[in-house]
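Trainee: Each chain is listed here by its residues.
Protein chains: 2
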Amino acid sequence: MIFIDACFRKKTPYTPVWMMRQAGRYLPEYMEVRNRAGDFLTLCKNPKMACEVTLQPVDILNVDAAILFSDILVVPLEMGMDLRFEKGEGPIFDHPLKNREDLKALKVEEAALRLDYVYEAIKLIREKLDRDKALIGFCGAPWTLATYMVEGRGTKTYSLVKKLLYTDPDFMHTLLRKVTEVLKLYLQKQIASGVNAVMIFDSWASALEESAYFEFSWKYMKEISSFLKKRNPEIPIILFPKGISGYLDKIDGDFDVFGVDWSTPIKLAKDKLFDKYVLQGNMEPMRLYNKDAIKEGVERIVEVMGKKEGHIFNLGHGILPDVPVENAKYFIDLVHEMTKR
Amino acid sequence: MIFIDACFRKKTPYTPVWMMRQAGRYLPEYMEVRNRAGDFLTLCKNPKMACEVTLQPVDILNVDAAILFSDILVVPLEMGMDLRFEKGEGPIFDHPLKNREDLKALKVEEAALRLDYVYEAIKLIREKLDRDKALIGFCGAPWTLATYMVEGRGTKTYSLVKKLLYTDPDFMHTLLRKVTEVLKLYLQKQIASGVNAVMIFDSWASALEESAYFEFSWKYMKEISSFLKKRNPEIPIILFPKGISGYLDKIDGDFDVFGVDWSTPIKLAKDKLFDKYVLQGNMEPMRLYNKDAIKEGVERIVEVMGKKEGHIFNLGHGILPDVPVENAKYFIDLVHEMTKR
Numbered sequence: 001m002i003f004i005d006a007c008f009r010k011k012t013p014y015t016p017v018w019m020m021r022q023a024g025r026y027l028p029e030y031m032e033v034r035n036r037a038g039d040f041l042t043l044c045k046n047p048k049m050a051c052e053v054t055l056q057p058v059d060i061l062n063v064d065a066a067i068l069f070s071d072i073l074v075v076p077l078e079m080g081m082d083l084r085f086e087k088g089e090g091p092i093f094d095h096p097l098k099n100r101e102d103l104k105a106l107k108v109e110e111a112a113l114r115l116d117y118v119y120e121a122i123k124l125i126r127e128k129l130d131r132d133k134a135l136i137g138f139c140g141a142p143w144t145l146a147t148y149m150v151e152g153r154g155t156k157t158y159s160l161v162k163k164l165l166y167t168d169p170d171f172m173h174t175l176l177r178k179v180t181e182v183l184k185l186y187l188q189k190q191i192a193s194g195v196n197a198v199m200i201f202d203s204w205a206s207a208l209e210e211s212a213y214f215e216f217s218w219k220y221m222k223e224i225s226s227f228l229k230k231r232n233p234e235i236p237i238i239l240f241p242k243g244i245s246g247y248l249d250k251i252d253g254d255f256d257v258f259g260v261d262w263s264t265p266i267k268l269a270k271d272k273l274f275d276k277y278v279l280q281g282n283m284e285p286m287r288l289y290n291k292d293a294i295k296e297g298v299e300r301i302v303e304v305m306g307k308k309e310g311h312i313f314n315l316g317h318g319i320l321p322d323v324p325v326e327n328a329k330y331f332i333d334l335v336h337e338m339t340k341r
Numbered sequence: 001m002i003f004i005d006a007c008f009r010k011k012t013p014y015t016p017v018w019m020m021r022q023a024g025r026y027l028p029e030y031m032e033v034r035n036r037a038g039d040f041l042t043l044c045k046n047p048k049m050a051c052e053v054t055l056q057p058v059d060i061l062n063v064d065a066a067i068l069f070s071d072i073l074v075v076p077l078e079m080g081m082d083l084r085f086e087k088g089e090g091p092i093f094d095h096p097l098k099n100r101e102d103l104k105a106l107k108v109e110e111a112a113l114r115l116d117y118v119y120e121a122i123k124l125i126r127e128k129l130d131r132d133k134a135l136i137g138f139c140g141a142p143w144t145l146a147t148y149m150v151e152g153r154g155t156k157t158y159s160l161v162k163k164l165l166y167t168d169p170d171f172m173h174t175l176l177r178k179v180t181e182v183l184k185l186y187l188q189k190q191i192a193s194g195v196n197a198v199m200i201f202d203s204w205a206s207a208l209e210e211s212a213y214f215e216f217s218w219k220y221m222k223e224i225s226s227f228l229k230k231r232n233p234e235i236p237i238i239l240f241p242k243g244i245s246g247y248l249d250k251i252d253g254d255f256d257v258f259g260v261d262w263s264t265p266i267k268l269a270k271d272k273l274f275d276k277y278v279l280q281g282n283m284e285p286m287r288l289y290n291k292d293a294i295k296e297g298v299e300r301i302v303e304v305m306g307k308k309e310g311h312i313f314n315l316g317h318g319i320l321p322d323v324p325v326e327n328a329k330y331f332i333d334l335v336h337e338m339t340k341r
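Chain order of the listed sequences is A and B. Taken in order, the first sequence gives residues 1 to 341; the numbers are from my numbering. Taken in order, the second sequence gives residues 1 to 341; the numbers are from my numbering.
Take the hints with a grain of salt, since some may be wrong.
Heads up, the list lumps identical chains together, so a pair's fine if it works in one copy or across two of them.
The calculated DSBU-like cross-link candidates involving lysine-lysine, where the alpha carbons are at most 35 Å apart (straight line), are [unchecked claim]:
(1) 219 / 291
(2) 222 / 276
(3) 189 / 222
(4) 48 / 123
(5) 250 / 295
(6) 10 / 291
(7) 45 / 267
(8) 340 / 98
(9) 222 / 10
(10) 295 / 272
(11) 107 / 10
(12) 267 / 250
(13) 340 / 163
In short, the hints are calculated from the structure, not lab data.
Work the whole structure out from these sequences, hints included.
Mentor: This is the structure:
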């Protein structure tokens, strides 16, 4: 698989490319399934439908990897928290974590078992997906999940969870430890079910100052990565801490690919990390609104990363719902064309 | 004034300190005036009340500078846009900018005149403020203001304004040009009214990738700064682009102090910028929730910046409404004590 070869810096005929949120609302085919499902969580929990939407961007756009369709918040859901998705508001936990009793009630082994609909979906997808295309499994980073579990919903200030972090660090570490244990089991089961690579999304990495980031987030991501690497050296691991361009000097650990978000200059990531890790990224997703902007964006990244091994093309964050499908196609084709060896 | 001396890297008896949003909701004395005013905009537009709340943190906390109480959005308001503040939602423009007609309708010279309540407040404050304490005037950066003017309210994705930026850059430049012209006049009038320093807040700097940041934001901030520096070399200028730690290598321009936000490691800012600029910042505001966290935060910054010239202590973003006043006092006192020469 070209994508897997690229993760290990092996020779490939071109730079592989996929897009975060490629199975998403900008595709009419996705919307059709989404409407059929009724609501978002039902779609996540239905292996057949999850399989269907996972495969769509591979067929429609010719991306080099499929990423499992799911949501990072199914993990806290199956740990015992009641999750709902409200239109225009995003995810809501009606009973966010408040005290140590709440922490104690969180399930670990049971959660990993209850996520069987994800493993089912993976088996179905891997059966139907072209053998040359990789299937990427994923989860949210412990810090990012803990943020939602404490705040109860999206937040601009992260003030509840950060207040907790600075006033009761022990509470946070207990929570992060539990989430980390679930994620180890969860990703190991994803691998056992057939994914060819895994990615850990730390979407809220940028909410933490440097010292707090390494103590409350990176440490746990590295731990999950080491755990998996020891058991599955053949499965590439991609870590994606979003928006930490000031901390790249201190990035280390046993993983394969560093996901570069759009706010981190790719040249900076190359200077700091390319010796140790393959880089994935990082075109500004908003460039997809305009073909000239796409061309300029791709050219700039190719200029830095070259047509050589060590790079996987991607957006620096998820594709937006109102991007024309035609533009997404143009992006994928252009990367393939411009990076041909 | 110790604060002004520090801006010019002159010797001071200790490192001066103030806090962004120091005249704010965490102070019961502020809430009293705020309730008397009825709503937030009335408070901004009333020079006597604005004066009163500006002086409060100087009296209560012994900070080394007062910052004018106002809001960055009074500028678009007086350019002709209808602004309201909705509880729990923040600022809302009911008619955000949509087309070139909307752009044409924006006032420039008239806007700078209509902001006379700000100049009135400055005169009052400067009369009443201790002569040893500096008064800082301010405005929002053109990019940050333009973001609100296009989006109509706070946003997580900035998708409207960034879509515009990549599909119709000319529209954005026309808008940014107009805002820049107002801000030059506005800050010049603030200086004429008595402020001792000015600060430009680019709160949404981090919404832009590197190339877009320099083209659509930094360029205009530098232009305002040069304009003011030529006319008022004795007035220090502080630029605060929030969250651009990946772009520090390219920061240049004619200004005095670079404001370091909490997400930019102070050591990184020192390595990249200290030769050229005095640094202001950057304690994580969430540390104010806990005294041990305050102590650790102050110690870490003093360790990097020393007790030497070239540093102004501050938070790396605004103080939060539910911080105990006692903790804010502890922070200010600790900085004074720990940096005594």
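Trainee: All the hints need checking, so say for each whether the structure fits it.
Mentor: Each hint tested on the structure:
no., hint, result
1, 219 / 291, "between (40 Å within a copy, 25 Å between copies)"
2, 222 / 276, "within (15 Å within a copy, 37 Å between copies)"
3, 189 / 222, "within (18 Å within a copy, 53 Å between copies)"
4, 48 / 123, "within (10 Å within a copy, 69 Å between copies)"
5, 250 / 295, "both (33 Å within a copy, 24 Å between copies)"
6, 10 / 291, "within (31 Å within a copy, 52 Å between copies)"
7, 45 / 267, "neither (40 Å within a copy, 46 Å between copies)"
8, 340 / 98, "neither (53 Å within a copy, 41 Å between copies)"
9, 222 / 10, "within (24 Å within a copy, 45 Å between copies)"
10, 295 / 272, "both (26 Å within a copy, 32 Å between copies)"
11, 107 / 10, "neither (40 Å within a copy, 59 Å between copies)"
12, 267 / 250, "both (17 Å within a copy, 13 Å between copies)"
13, 340 / 163, "between (50 Å within a copy, 30 Å between copies)"
Comparing the model with each earlier hint shows violations of hints 7, 8 and 11; every other hint is respected.
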